[in-house]
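Asker: Please put together the full structure from these sequences, using the hints given.
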Amino acid sequence: MTAKTVLVVDDERYIVDLLADLLEEEGYTVRRAYDGAAAWREITRETPDLVLTDVMMPGLDGLSLASRLIETYSQVPVILMSAAVTPRNPGITFIAKPFDIDRMLTTISQMLTESHTA
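Read in my numbering, the sequence shown has 76 at position 77, and its numbers run on one by one without any break.
Some hints could be false.
Claimed, not checked - The list that follows gives simulated cross-link-like pairs (lysine to aspartate or glutamate, EDC-like), each with its CA atoms no further than 16 Å apart:
#1 Lys3 x Glu113
#2 Lys3 x Asp34
#3 Lys96 x Glu113
#4 Lys96 x Glu11
#5 Lys3 x Glu24
Derived from the structure by calculation, the hints contain no laboratory data.
Answerer: Right, here's the structure in full:
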């Protein structure tokens, strides 16, 4: 079975690196982006199986990225992360920072399973 690809997006490099390391240990293929515009380029180049993105980033923020993703690639699940805001958008999963790693990994696994069976 091919490993699922997760695109991790955050303007804080240490967060991206931490999450990438954790996800790779769990067997995921991880791609990294450090802002919304770079993430969108990655998505259009090769669509990931899931996008895990920070909300508050300069330029194209996580909410705008998620909206664009839902409009264009509705089959790709998106998880928003933030310490400052709790978005109330239907159809978007939100994880608060600092995050519970086990909960985050469970959420990612569930969303990938659901998107595969949908």
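Asker: Now, for every hint given, state plainly whether the structure supports it.
Answerer: Here's how the hints hold up against the structure:
The suggested pairing of Lys3 with Glu113 holds, with an alpha-carbon distance near 13 Å, which does not exceed 16 Å. A distance of roughly 22 Å separates the Cα atoms of Lys3 and Asp34; the hinted pair therefore is violated under the 16 Å criterion. Restraint check: the Cα-Cα separation between Lys96 and Glu113 comes to about 24 Å, which exceeds 16 Å; the hinted pair is violated. Our distance criterion of 16 Å between C-alpha atoms is met by Lys96 and Glu11, whose separation comes to about 13 Å.
Between Lys3 and Glu24, the direct Cα distance comes to roughly 13 Å. Compliance with the 16 Å bound is thereby established for this hinted pair.
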